[in-house]
Amino acid sequence: MTVTAPERPSLKHRLAERGVDRTLLLLVPGVLFVVLLFAYPVLYGLQLSFQPAEGGSPFANYSTFFSDPYLADTIWTTLRLAIPAALINVLASIPIAYRLRGRFRGKRFLTTILVVPITLGTVLTAEGLKQYLSPVGWFNRILMALGMDEPMRLVPSWTAVLFSLIITGFPFAFLLTLSYLSGIDPTLEQAAATLGADWRRRFRYITLPLLAPGLAITFCLTFVLAFSVFPSAYLVGLPQGETRVMSIAAYEAAFRDGDYPMGSTIAVIMAVVMLVVIALVLAWRSRLYRGATGGKG
Amino acid sequence: MNTAFAELHIDHVSRAFGEHIALRELDLTIKGGEFVALLGPSGCGKSTALNCLAGLLPLTGGQILMDGKRVDTLPPEKRGFGMVFQNYALFPHMSVRRNVAFGLSMRKVARTERERRVDEALRLVQLTDHAAKFPAQLSGGQQQRVAIARAIVLEPRLVLMDEPLSNLDAALRLEMRSEIRRLHQTLGLTTVYVTHDQEEALALADRLVVLRDGLVQQIGSPEEVYAHPANRYVAGFMGYRNLLPVAMSTSDTVTGEGFTLSGVNRDGLTEGAAVAAFRPTDVTVADTEGENTVRAAVEIVEYHGREQAVEARLPGGEALHVRTESRLAPGDEVLFHVPRERVLVFAP
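These protein sequence lines map, in sequence, to chains D and Z. Position in the first sequence counted from 1, then plus 1, gives you the numbering used here. Position in the second sequence counted from 1, then plus 16, gives you the numbering used here.
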């Protein structure tokens, strides 16, 4: 008997082993979409931000932004809105999702009610809030009917913008938190109970540590939503003062002053600030337990 | 910390889920140090009973008394019962050591005492070398042992086990079974063990509680339940695989389609329909026609080493299950014999 060297498999076979086959074609539409409608505009905006309208150094727009307090301060203005909004959304979603996990009658209805604001869109919410909180709106009319002398001045204000961010951002936070919570095996808490932990300690030592990585992601998503706030900051806020957020500055630069490069610069800075916050949150998350949350470990 | 008890009285405990009654008036007294198995198929109410005992499910009727004091009004964390869950329910974000120490930390046991007891518990379940690992890094059997260590480290007055072996493979299951019995004996535990596996229950328990549709069918020692099943249902569960529909002809003979059997009348029937129950192992191949012989056609033969598991067809169409050392082949027309003292006649 002679021993022959094993025949080398065909190229097609070897490629398929590495995941290269005709099903890759299924990715083409997606890749095209991303390149044409996402990658290209982003890169275009990025290079535009380095071409100041008045010429000069490529970094001229960036130095203008950071040397002009009227522009640079928008970073803090935006963070001051987006961070509280995201925190409130995440923190408020925890007890509600905690109570609503599991199965019970009417859960779908309740979940639907909580999620409706997503479908309304930010403009409608802001408009509604503006009417509702205005001096002749229902809110003040009820207060007056209850014996208040003067209507409260609620819009426009920072609080009203925060409110609208909560209305639109909370459903996202709630849905995410609910799904993370549902992924935690309920017998873990039961086990903790039989080991002597009351509900506070069950939450503190079992549920919260397992939920925390999910909360970090939830925070990031609602933070991004809130950070790019525009309609409500304009409609129910003080777009020249306390709620002059970055998107307003970018809009004004690009569309009021016609300075596209400056608008792009502000947009790029926005993206960087968001990425920094997200990177910090994810760095914290990476220190947490992130494995399975089922009972079998 | 938990003092042993003399008697745990489960006093007519019921649990309903809406219209569905999962457990009906379970009345059982467990003595300290006893190993009691709740046995039945899924949906029989055995896990419901265990969860009621643990305090994870409120009762809808009855009460639970420990040495005369009510415990069913206490939340689970105040009962001081240890529980081993079917899926182990190990805390995935904690090391084995922290899992085992969890109950002690909740009870504010001092650090040195805690370490000592955790070490002791880990040694008992032979996991000392794995203390720093996380549950996901352990095999099923090791996870199971962590779950047991976590429950017994508290020296609970009562240990509840919910099908703890059902997720393990056959060899490991046997090993862990002896392990559980050994721990029960050496630590002087009182154990309530839920299972659907009658072999497991017979091997482990001092006393068996057979449940069906939330109702107790029989309570007794393994020997009583095995040799003297209370009704046809318990018989079926205890390995009486042949449950043939028959009609009473005299007080100790019954007739089926194409055969007549003499047996032990367990339910005092005199006429009408009945069930003749006997184990496959009690059936032998007969040479000549006589008392308690039945003719059947062999259909399926399974090889089980020394024995064969044979499924034969009786003249009336019912299956006859036989375990025999005789070599049979499909298609054979065979005369089988069952000793009359091995045939139990029950109400249908």
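None of these hints come from the bench; they were simulated from the model. None of these values were measured; they are calculated from a predicted model. A hint or two may mislead.
Stated by the list, open to error - Estimated spans, in silico, between C-beta atoms of each pair:
#1 Y319/Z - G184/D: 44 to 52 Å
#2 R104/D - E239/Z: 23 to 31 Å
#3 F110/D - V280/Z: 53 to 61 Å
#4 I316/Z - F34/D: 57 to 65 Å
#5 L81/Z - L144/D: 50 to 58 Å
#6 S183/D - E41/Z: 49 to 57 Å
Claimed, not checked - Which stretches of chain Z does chain D cover? Using the computed rule of at least three CB atoms under 8 Å from a CB of chain D, they are:
#7 97 to 111
#8 116 to 125
What the hints assert, rightly or not - One side of the interface only, derived from the structure: several residues of chain Z facing chain D at Cβ under 7 Å:
#9 A70
#10 L72
#11 P92
#12 E93
#13 A152
Heads up, the beta-carbon is just placed ideally off N, CA and C, and yes, glycines get one too.
Against the structure, the hints come out as follows:
The hinted window of 44 to 52 Å between Y319/Z and G184/D holds, with their beta carbons roughly 45 Å apart. Between R104/D and E239/Z, the C-beta spacing of about 43 Å breaks the proposed range 23 to 31 Å. Look at F110/D against V280/Z: about 60 Å separates their beta carbons, and that is inside 53 to 61 Å. For the pair I316/Z and F34/D, the supplied restraint of 57 to 65 Å holds, since their beta-carbon distance comes to about 59 Å.
Between L81/Z and L144/D the beta carbons are some 57 Å apart, a value that agrees with the proposed interval 50 to 58 Å. A hinted range of 49 to 57 Å is violated for the C-beta pair S183/D and E41/Z, which are about 35 Å apart. For the stretch 97 to 111 of chain Z, the proposed coverage by chain D is satisfied: 11 residues have a C-beta within less than 8 Å of a C-beta in that chain, meeting the threshold of three. Proximity of the stretch 116 to 125 of chain Z to chain D, defined as three or more residues with a beta carbon under 8 Å from a beta carbon of that chain, is established by the 4 residues found.
At its closest, the beta carbon of A70/Z sits 6 Å from a beta carbon of chain D; the interface hint therefore holds under the 7 Å criterion. Among the interface hints, the one on L72/Z holds; its C-beta lies about 5 Å from the nearest C-beta in chain D, closer than the 7 Å criterion. Hint status for P92/Z: holds, given a least beta-carbon distance of 4 Å to chain D, under 7 Å. The closest approach between the C-beta of E93/Z and any C-beta of chain D is roughly 5 Å, which is under the 7 Å cut-off, so the hint is satisfied.
The interface hint given for A152/Z holds, since its Cβ lies 4 Å from the closest Cβ of chain D, which is under the 7 Å cut-off.
Of the numbered hints given earlier, the model fails hints 2, 6; all others are met.
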